[in-house]
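K.L.:
Each protein sequence line maps, in turn, to chains A and B.
Going by my numbering, the first residue of the first sequence is number 1, and it counts up by one from there.
Going by my numbering, the first residue of the second sequence is number 1, and it counts up by one from there.
Keep in mind that the hints were calculated from the coordinates and are not lab data.
Treat each hint with caution, since some may be false.
Below, a list of computed lysine-lysine pairs in the DSSO-like style, where the Cα atoms sit at most 27 Å apart [stated by the list, open to error]: (1) B:112 <-> A:172; (2) B:28 <-> B:56; (3) A:27 <-> B:237; (4) B:21 <-> A:27; (5) A:187 <-> A:69; (6) A:31 <-> B:21; (7) A:129 <-> B:129; (8) B:43 <-> A:209; (9) A:27 <-> A:50; (10) B:209 <-> A:223; (11) A:28 <-> B:172; (12) B:209 <-> A:304; (13) A:237 <-> B:304; (14) A:234 <-> B:304; (15) A:172 <-> B:304; (16) A:56 <-> A:24.
Over the 10 Å line for every Cβ pair with chain A, so calculated as not near, a few chain B residues [what the hints assert, rightly or not]: (17) 9; (18) 54; (19) 150; (20) 158; (21) 212; (22) 223; (23) 244; (24) 295; (25) 299; (26) 321; (27) 336.
Idealized CB from N, CA, C, for every residue including glycine.
Listed below, chain by chain, are the residues.
Number of protein chains: 2
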Amino acid sequence: MENFSFYRPTRIIFGRGSEEKVGKEVKKYGKKILLHYGGGSIKRTGLYDKVIKSIKSENIEVVELGGVKPNPRLSLVREGIGICRKENIDFILVVGGGSAIDSAKAIAAGAKYDGDVWDCYTGEKAEIKSALPLGVVLTIPAAGSEVSPDSVITDEDGWYKRPAGGEPLISKFSILNPELTFTLSAKQTVIGVSDILAHVYERYFTQVKNVELTDRLAEATMKTVINNTRLVLKDLKDYNARAEIMWAGSIAHNDLLATGRTGDWASHMIEHELSGIYDIPHGEGLAVVFPAWMKYVYKDNVSKFAQFAQRVWDVDTGLDDLEGTALEGISRVETFYREIGLPVSLGEIGIGEDRFEEMAAKCVEDGAIGQFRKLEKDDIIEIYRLAK
Amino acid sequence: MENFSFYRPTRIIFGRGSEEKVGKEVKKYGKKILLHYGGGSIKRTGLYDKVIKSIKSENIEVVELGGVKPNPRLSLVREGIGICRKENIDFILVVGGGSAIDSAKAIAAGAKYDGDVWDCYTGEKAEIKSALPLGVVLTIPAAGSEVSPDSVITDEDGWYKRPAGGEPLISKFSILNPELTFTLSAKQTVIGVSDILAHVYERYFTQVKNVELTDRLAEATMKTVINNTRLVLKDLKDYNARAEIMWAGSIAHNDLLATGRTGDWASHMIEHELSGIYDIPHGEGLAVVFPAWMKYVYKDNVSKFAQFAQRVWDVDTGLDDLEGTALEGISRVETFYREIGLPVSLGEIGIGEDRFEEMAAKCVEDGAIGQFRKLEKDDIIEIYRLAK
């Protein structure tokens, strides 16, 4: 087990009706807030009205900025930063999923940074040392951004999708009401599930030895997500299944499952090039990239992949055939994704091989990626090919 | 799943050499601190010197109060409160295990409370609204107090052992170096393990349905503790096994495993009367009480106990005999405790039945206890009898 530090001070407020507490929570931090959100769905569902009512009842002033798109854009972030400065905003409340939260985090950092916020997203140019405090009302369990210090933003100028992070970006509170996810379609739900599972895979597949507790916690999380995805697809308003997935989405990405180990994260970067260029949902891209990555790297630690197959997917091939067990596990990932309606090849989402070179080159602009196996440009092209 | 809120803002600093960071962490909060600890072991091992060196290098003033005993006493807490007031202490650093931490929490609360600190421990008399900030260097993985808002103190006047809790008592940081536990004897180690497992049992055995994620996370934690206890007993300096147990000890009690469910806690209260009166180690008392409690209540939810048997203890009796499976699971708890050198009966620790009535009566002074099954005085006497 490796040394680690773990600090996740977000207050989770979970359950039916929890969004009604938002005003009281915001009041602890702000008097004039930026309310940040995506499209019109929160207005259609009535969530917007509930949030506004709760906030206004605490006499908090609200400035609004909607319009966050999936793969959130730098241009809107810059607009938000401008508003925060002009209006003397002291808190940002996000109502939405990972895109809205990531956008809010970028605004929170930018509002406290003298230069251009994109500096924080391009390698080591600027560390995020402070940010406006922010809080979340979550509507899509997927990105885990409600508990993470991370933000991913896309610069439309060149379609670079890049991450930044820092403790000041950790949400002060996150309100998670599974009922708010009842309106997610089957498609939206499984795209989120793909993202959640990917967050566990990235941490689970490590070359670090002696990590039994976090291995088992990760396996527990994956099994729960798999079981409850099947349940929720039978009934999109199954509260308990929605609740399991929602809480698992936070556990998958609050870094508990990373304690004492080194995660990989190559697949996320390989996917970022896909969704950065083709503007596909991140979860779809991950469903396509991950099985290909697994096939490409499993030989570097067959026993880990065999353990994954056995404990998560109940593969019982026999210990005299660890490689067969490992491969059967990877096969079951694909089978499960197909079963729940996710694409498992680039062809299914209309992506050809004409830009493999370009994407792979962008992927390694800052050097080789991944920790389970270091991947160079040619490796990444091969993974895109395996995902065709 | 039930509604919940979850807030655990302790910064965990885990791994080899992590105690060297204590000065820098303390510096964030205090200039003149109370250093609180137990007996002389931290001086014998050299830990005391390391901590003092790290603190002095940050020019922090130190006032010391050692002498915390297992089942920490109210009298020492009162002495500590006096020191904090007289010396204008602004931070408490604890070096030790659960007893020292619980004692420090009581001092931290008492220093900011106008009345007698025992008010906070006797039912609803006083809520803990503020406390001096505190930090921990952990030497015994067991109580989980390094991540919990709870404290248990014993009033020597009548030997009442009572709990109190509140967010202000949550440690700002907890430094966990598994090497610091190398000097724990096999006996001390398994007493801690009993406490850790008990913290999981208390949360695991619930009548709340649809708690798959937390069930599985709890099972992951228990399996890891069981496996690594066997390893550490073969080699008390097995770093990885010590690390698994240490981190599991915090996970077992940071309330993640309680999210969305109602814990039981009757066994802890039944044990508190034992260790309150007979001054036995809490972990020994729990090893005796828990199997008895399980035998007494399992019929109230046979499938939960069967799941425990199957998933944690690998019992494979067959699903046509859930009761047999459940009972075999309970039997394996006892067998495991015997294997690792824990007592499983009151007789083994020299406790007769002459005070069963008195202890049971004290246990229900504030009403029936437990949530899995509500227990009255006669139930508790029966559990003490089953533990004979």
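K.L.:
Each hint: holds or not?
P.N.:
Results for each hint:
1. B:112 <-> A:172: Holds - the C-alpha atoms of residue 172 of chain A and residue 112 of chain B are around 25 Å apart, at most 27 Å.
2. B:28 <-> B:56: 14 Å, holds
3. A:27 <-> B:237: Cα-Cα ~50 Å, so violated.
4. B:21 <-> A:27: Between residue 21 of chain B and residue 27 of chain A the Cα gap is close to 35 Å, so the pair fails against 27 Å, i.e. violated.
5. A:187 <-> A:69: 17 Å, holds
6. A:31 <-> B:21: Answer violated: residue 31 of chain A to residue 21 of chain B is near 37 Å, above 27 Å.
7. A:129 <-> B:129: This hinted pair is violated, its Cα atoms lying about 30 Å apart.
8. B:43 <-> A:209: 33 Å, violated
9. A:27 <-> A:50: Status holds; Cα separation ~16 Å.
10. B:209 <-> A:223: OK: residue 209 of chain B and residue 223 of chain A at ~17 Å, within 27 Å.
11. A:28 <-> B:172: It holds: about 20 Å lies between the C-alpha atoms, which stays within 27 Å.
12. B:209 <-> A:304: This hinted pair is violated, its Cα atoms lying about 32 Å apart.
13. A:237 <-> B:304: Holds: residue 237 of chain A and residue 304 of chain B sit about 26 Å apart, inside 27 Å.
14. A:234 <-> B:304: 25 Å, holds
15. A:172 <-> B:304: 36 Å, violated
16. A:56 <-> A:24: Within the cut-off at roughly 10 Å; holds.
17. 9: Its Cβ does come within 10 Å of chain A, the nearest being 4 Å, so this is violated.
18. 54: At roughly 16 Å from the nearest Cβ of chain A, residue 54 of chain B sits farther out than 10 Å, so the non-interface label holds.
19. 150: 18 Å, holds
20. 158: It holds; residue 158 of chain B is separated from chain A by about 38 Å at its closest Cβ, greater than 10 Å.
21. 212: Non-interface label on residue 212 of chain B violated, nearest chain A Cβ at 5 Å vs cutoff 10 Å.
22. 223: 6 Å, violated
23. 244: Nearest chain A Cβ is 5 Å from residue 244 of chain B, so the label is violated.
24. 295: 27 Å, holds
25. 299: 25 Å, holds
26. 321: 22 Å, holds
27. 336: Given a closest Cβ separation of 17 Å, the condition holds.
Hints 3, 4, 6, 7, 8, 12, 15, 17, 21, 22, 23, counting from the list given before, are not met by this structure.
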